[in-house]
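Single-letter residue listing:
There are 2 protein chains.
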Amino acid sequence: MPRKSFPLAKVYGLLEPGPVVLLTTAHKGQTDIMAQSWHPMLEFEPPQIASVVSDRNASFDSLKATRECVIAIPTVELADAVVGCGNTSGRKVDKFAAFGLTAAPAQCVAAPLIAECYANLECRVIDTRMVNRYGLFVLEVVKAWIDPARKDPRTLHHRGNGRFMVAGETFKSKSRMK
Amino acid sequence: MPRKSFPLAKVYGLLEPGPVVLLTTAHKGQTDIMAQSWHPMLEFEPPQIASVVSDRNASFDSLKATRECVIAIPTVELADAVVGCGNTSGRKVDKFAAFGLTAAPAQCVAAPLIAECYANLECRVIDTRMVNRYGLFVLEVVKAWIDPARKDPRTLHHRGNGRFMVAGETFKSKSRMK
Chain A
1 MPRKSFPLAK VYGLLEPGPV VLLTTAHKGQ TDIMAQSWHP MLEFEPPQIA SVVSDRNASF
61 DSLKATRECV IAIPTVELAD AVVGCGNTSG RKVDKFAAFG LTAAPAQCVA APLIAECYAN
121 LECRVIDTRM VNRYGLFVLE VVKAWIDPAR KDPRTLHHRG NGRFMVAGET FKSKSRMK
Chain B
1 MPRKSFPLAK VYGLLEPGPV VLLTTAHKGQ TDIMAQSWHP MLEFEPPQIA SVVSDRNASF
61 DSLKATRECV IAIPTVELAD AVVGCGNTSG RKVDKFAAFG LTAAPAQCVA APLIAECYAN
121 LECRVIDTRM VNRYGLFVLE VVKAWIDPAR KDPRTLHHRG NGRFMVAGET FKSKSRMK
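Listed in order, the protein sequences are those of chains A and B. Each residue of the first sequence is one higher than the one before, starting from 1 at the first, in this note's numbering. Each residue of the second sequence is one higher than the one before, starting from 1 at the first, in this note's numbering.
A hint or two may mislead.
Which copy? The list can't say, so a pair holds if one copy fits it or any two copies do.
Listed next, the in silico EDC-like pairs over lysine to aspartate or glutamate satisfying Cα-Cα at most 16 Å (straight line) [as the list claims (entries may be wrong)]:
(1) Lys4 x Glu116
(2) Lys64 x Asp127
(3) Lys143 x Asp80
(4) Lys28 x Asp61
Simulated from the structure, these hints should not be mistaken for laboratory data.
Start from the sequences, fold in the hints, and give me the full structure.
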């Protein structure tokens with residue numbers, strides 16, 4: 001391939017186009033939402049996720065204190081709300097009210113579901129050993145919800161610096177991968 | 001939203017649509033390639049990646065022994081090669097030869113670049129404390145290469161069970177996210 005050296009500071013934009021998610025927490029009667037792109041899977045079942053939350057986010061404190069959250073997965077229709085959640089701090093803004101999102105009660109955790117999102121995952125923190133060094137919380141999904149009407153959800157994938165890729169078509173391969 | 005409870009065993013298909021990558025290693029004169037979807041970012045710069053490699057993969061042994069790899073990012077044109085890499089074991093197959101991929105020398109590590117991929121990241125293992133429990137290697141990208149001709153790379157994103165989403169259009173938002 002014709003190739004060009006690429007700045008290390010931009011590498012995240014190559015790898016993070018997993019779906020942008022909204023992570024909700026509830027702490028001392030206050031709910032919060034943060035936008036997150038760094039959340040790889042660790043195990044199939046029970047599903048475990050490595051969720052990276054910087055200690056600069058208000059959600060860090062709630063997650064550490066309550067050890068519970070919801071990961072809500074938005075689609076392109078919610079792009080403005082997602083960008084709004086990413087640009088503001090829960091210390092100053094009620095993000096549900098500010099961005100027209102509806103908090104719905106979860107079944108197993110106190111953090112709210114986001115009714116407008118096509119999928120919602122109720123999570124508990126099961127390992128905090130990597131929190132101080134990497135902000136990495138190991139989460140276990142204890143309950144998952146999906147909107148059965150959405151077949152090919154047009155998820156958002158951050159390519160860095162505010163550029164979002166929207167999920168395109170889906171095809172079935174001969175992969176024997178799980 | 002109309003909502004339906006969702007099987008926990010399928011949750012990974014919601015979250016892993018980050019780009020499928022090909023991870024190459026070189027050990028005792030032998031190169032190998034594995035397909036990987038579980039690779040979140042941990043830090044912007046220097047770029048650090050949490051790379052999840054099961055000990056069932058031949059690449060696990062090479063990565064543990066050499067502490068080096070290359071993460072190559074393919075696009076949809078390479079879908080058959082990606083699926084082939086995922087369906088076979090480096091213990092039995094020379095994947096470069098079998099799937100028509102070209103190994104190119106890297107600058108900082110012994111593992112090869114894949115010439116057909118639009119980006120290649122040379123990585124070193126910097127933390128193995130989560131390897132035994134989660135198969136999670138912390139990698140640091142020490143050199144990154146990109147094909148300058150590809151503007152909107154049509155990356156592959158695994159939705160689970162062999163279904164792949166192909167990257168759609170990209171738009172610029174007012175996000176102040178990095």
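| field | Violations among the numbered hints, reported as their numbers in ascending order | value | The structure conflicts with hint 3 only, although it agrees with all the remaining ones.
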